[in-house]
Amino acid sequence: MGWIVLGIISLVVIGLITGYNTLVSLKKRVENAWSQIDVQLKRRYDLIPNLIEVAKGYLAHERNVLENVTKARNQAISAEGVKAQAEAENFLTQSLRSLFAVVENYPDLKANQNMLTLHEELTSTENKIAFARQYYNDEVMRLNTTINSFPTNLIANWFRFSPSEFFEIEDLSHREAPKVKF
Amino acid sequence: MAFSFTEIEERKSRVIFLILLLLILLYFLAAWMIGVVIKGWLILEEIRLGYALKFSPFLTFKETLFAFGIAILVGIIHIRLSLKDIVNRLLKVLDARPLDKQDRYHQRLENIVEEVCVACGGKRAKVRVIPSIAMNAFSLTDLEKEAIIGVTEGLVSRLSRSQLEAVIAHEMAHIASGDSVIATISSSIFGIYCAMLKGLVGVIKRGRASIVSILIYVIAYFVKLLSSLMIIFISREREYRADAIATRLTRNPLSLAEALYVISNHYTWVKNSDGLSSIFFLNPERGKLDEKEDFFANLFSSHPPVNKRLKILLDMGRQDLSFIISSNKKEKPILKEDEGLKEVLKPKPCWFACCGGNWQGPFTILELSQLKWFSPEVWVSQEGEGERFYPAYKNKVLNEIFKERIRGKSLSGYDCPRCKQSLIEVEYEGTTLFHCKFCKGMLVFDTKLERVLSREERGFSERIVNLASLIKSSKPKIEIRPPIAELISFSRPKKKVEIKPPKGIDEFPPLSCPKCQKEMKRMLYSYAYPIEIDKCLNCNSIWFDETELEILQYLVEKGAH
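Chains A and B supply the protein sequences, listed in that same order.
Positions in the first sequence are counted from 1; adding 31 to them yields the working numbering.
Positions in the second sequence are counted from 1; adding 4 to them yields the working numbering.
I should point out that these hints are in silico values taken from the structure, not numbers from a laboratory.
For each residue, glycine too, the CB sits at the ideal point set by N, CA and C.
Mixed in with the good hints, there may be bad ones.
[Claimed, not checked] What follows is a set of in silico ranges between Cβ atoms, one per label pair, in the way DEER data are often shown:
(1) A:Arg191 - B:Arg252: 45 to 51 Å
(2) B:Leu69 - A:Ser41: 44 to 50 Å
(3) B:Leu69 - A:Ser66: 55 to 61 Å
(4) A:Met172 - B:Asp99: 51 to 57 Å
(5) A:Glu62 - B:Ser166: 27 to 33 Å
(6) B:Cys423 - A:Tyr137: 36 to 42 Å
(7) B:Lys130 - A:Thr154: 20 to 26 Å
(8) A:Phe190 - B:Asp99: 30 to 36 Å
(9) B:Gln106 - A:Lys141: 50 to 56 Å
(10) A:Ser66 - B:Cys423: 54 to 60 Å
(11) A:Tyr137 - B:Arg128: 44 to 50 Å
(12) A:Ser41 - B:Phe72: 40 to 46 Å
(13) B:Arg392 - A:Lys141: 30 to 36 Å
(14) B:Arg252 - A:Gln144: 52 to 58 Å
[Unchecked claim] Here are some, though not all, of the chain A residues that point toward chain B, as calculated from beta-carbon distances under 7 Å:
(15) Trp65
(16) Tyr137
(17) Asn158
(18) Lys159
(19) Ala163
All chains should be modelled from the sequences, with the hints used to inform the complete structure.
Spelled out as structure tokens, the structure:
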């Protein structure tokens with residue numbers, strides 16, 4: 032009789048420990064995924080001033096486009112928290128997109144070797160940011176699912192694990208395509 | 005993502021243990037067979053010499069134990085040797101080179117691999133490129149968790165960005181799910197048998213066979229047959245799963261479907277890949293076996309049929325085959341005006357020089373240096389400086405040209421083998437080649453030819469098209485050596501029998517290689533493309549005269565479509 036009780040108690044304890052460890056490791060993976068995004072974002076911030084330098088000489092008449100990009104970049108650097116950062120990043124992506132739309136009209140600038148390399152680097156960085164966000168969201172999904180499912184939700188409540196936020200577009204106005212003004 | 009590192013580690017140990025057991029079993033069987041044969045021979049000897057039959061040909065218990073002991077020993081030695089430094093050995097066998105940072109397509113490949121690594125949560129993978137026009141990709145992992153993704157030059161050059169990303173994601177899926185560990189280890193272990201068999205085939209066909217070598221051949225063949233059964237462990241299911249994981253990574257099943265379609269219509273064979281087919285994207289030795297679906301096909305072929313893979317991906321993307329075929333039919337203008345070549349050196353300010361009262365120019369520094377009449381007292385003027393002009397020796401940069409003339413060193417480091425002038429580095433199809441402005445010849449180093457031939461950026465003028473059709477239709481005057489019959493009897497070109505392309509007909513004396521100064525051999529590029537080239541056999545550099553490179557490119561492109 033006593034052995035059975037002991038067996039049940041040890042099973043429960045093992046279950047608790049496993050559940051807790053799973054939650055901890057998932058949380059760590061989410062943090063790791065976030066830092067991945069950070070790395071790629073920093074890279075984009077570093078590339079943008081070079082881009083502006085190269086484009087400045089050729090785009091003398093398009094100063095407002097360049098200024099938009101610089102403004103968006105500064106805003107994004109100083110953003111805090113997941114949501115604010117997500118919004119600022121989306122804004123920056125859109126201003127870069129309108130910059131490249133303008134570059135299409137200047138064949139000299141388009142063919143410039145530096146510009147080509149920078150364009151490729153920026154495209155690659157944008158892709159990496161997109162993939163890093165995708166990975167982050169996948170990990171957040173796993174964490175949140177585990178926190179909310181039974182029986183781990185009991186452990187999560189007890190040890191106060193909170194679900195993480197998804198990196199997504201909140202404000203619907205950011206979903207509109209950038210308008211190119213002539 | 006699929007497995008954590010610890011899970012992959014545990015899996016690896018289990019896999020290796022299983023393989024060790026299998027190997028020991030095989031060696032035991034082999035030793036047993038050898039024992040039976042030896043005993044049978046002894047019995048025959050005894051009968052011949054008149055003794056009575058003392059024992060049966062089958063092994064006694066003690067002898068069986070002895071055979072088992074030998075099997076364990078040999079099995080352990082085999083595994084130790086095979087597992088040492090697997091990845092580097094396999095890379096060497098496949099002739100896989102690191103990326104060339106100066107090459108535009110390689111840079112793009114590096115970026116794409118980094119992107120896929122980010123999508124996998126930051127798992128690093130190194131990239132290697134096989135210099136071959138064929139299209140294929142592979143992935144390797146070794147016991148120290150080093151992951152390598154490899155592609156061929158043909159693949160890098162011919163696929164679009166999203167298609168390339170899909171293929172790399174597929175290879176990454178193999179790595180991340182632990183498949184490539186099994187594939188790498190088993191390829192390495194059983195690869196030894198394939199190499200051994202190839203050597204033995206050569207020995208036997210040359211008539212130097214003896215009983216011993218035939219025996220070893222039979223046993224090795226038996227082992228190889230069983231190793232094909234190992235492919236059950238590396239079954240077709242893994243390819244489907246890798247396709248699914250790749251789609252999950254890129255969220256784009258249609259790109260992978262397009263890539264599959266393009267690659268399957270193309271040449272996939274890679275040199276020395278016998279026995280290594282499980283690490284590749286598509287089977288390098290694709291034949292009818294792969295496309296069948298019955299029981300034996302499922303056992304013995306390592307890759308599932310392309311049609312089925314395509315169907316699964318297309319269903320995910322809710323399209324059908326006509327979508328791919330139409331998106332694949334690019335309208336590529338193969339006839340374009342010759343656009344001229346761009347110099348790689350940063351465009352220096354333009355110079356004007358006065359020759360006998362006439363101002364000529366604008367020239368770049370290199371062009372100035374090659375002008376015959378350019379000397380220190382020639383009047384020059386720079387573009388931005390308006391009316392100011394001065395003798396050339398007053399400018400520091402131009403003085404360098406004169407100094408180098410005295411020293412005899414050329415500006416780009418290489419000289420044209422025909423005209424002895426300096427070669428200029430130009431950008432060509434995403435990589436850099438060396439070009440002579442006078443005779444318009446082109447110097448192509450080692451692996452760059454395969455890249456140039458697979459890439460299709462340049463258009464060709466009508467003159468090239470006409471010249472190409474002339475070459476194709478003419479029968480070159482060649483001496484055929486060695487006899488074709490002997491070549492055709494082996495299905496693959498072997499290392500020892502080199503197909504020597506026949507001699508060309510140009511009468512200029514043999515050129516000397518600009519890189520290593522050895523004599524270059526004048527020959528036709530191949531039987532299929534009888535274009536005359538000069539090749540340096542020491543450093544693998546090829547010299548093309550005026551239109552030869554473009555004609556070769558045009559013929560290869562036409563042949564590929």
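Here's how the hints hold up against the structure:
no. : hint                            : verdict
1   : A:Arg191 - B:Arg252: 45 to 51 Å : 32 Å, violated
2   : B:Leu69 - A:Ser41: 44 to 50 Å   : 45 Å, holds
3   : B:Leu69 - A:Ser66: 55 to 61 Å   : 59 Å, holds
4   : A:Met172 - B:Asp99: 51 to 57 Å  : 43 Å, violated
5   : A:Glu62 - B:Ser166: 27 to 33 Å  : 31 Å, holds
6   : B:Cys423 - A:Tyr137: 36 to 42 Å : 39 Å, holds
7   : B:Lys130 - A:Thr154: 20 to 26 Å : 22 Å, holds
8   : A:Phe190 - B:Asp99: 30 to 36 Å  : 55 Å, violated
9   : B:Gln106 - A:Lys141: 50 to 56 Å : 21 Å, violated
10  : A:Ser66 - B:Cys423: 54 to 60 Å  : 58 Å, holds
11  : A:Tyr137 - B:Arg128: 44 to 50 Å : 38 Å, violated
12  : A:Ser41 - B:Phe72: 40 to 46 Å   : 43 Å, holds
13  : B:Arg392 - A:Lys141: 30 to 36 Å : 33 Å, holds
14  : B:Arg252 - A:Gln144: 52 to 58 Å : 37 Å, violated
15  : Trp65                           : 12 Å, violated
16  : Tyr137                          : 18 Å, violated
17  : Asn158                          : 5 Å, holds
18  : Lys159                          : 5 Å, holds
19  : Ala163                          : 5 Å, holds
In terms of the numbered hints stated before, the structure departs from hints 1, 4, 8, 9, 11, 14, 15, 16, listed from lowest to highest.
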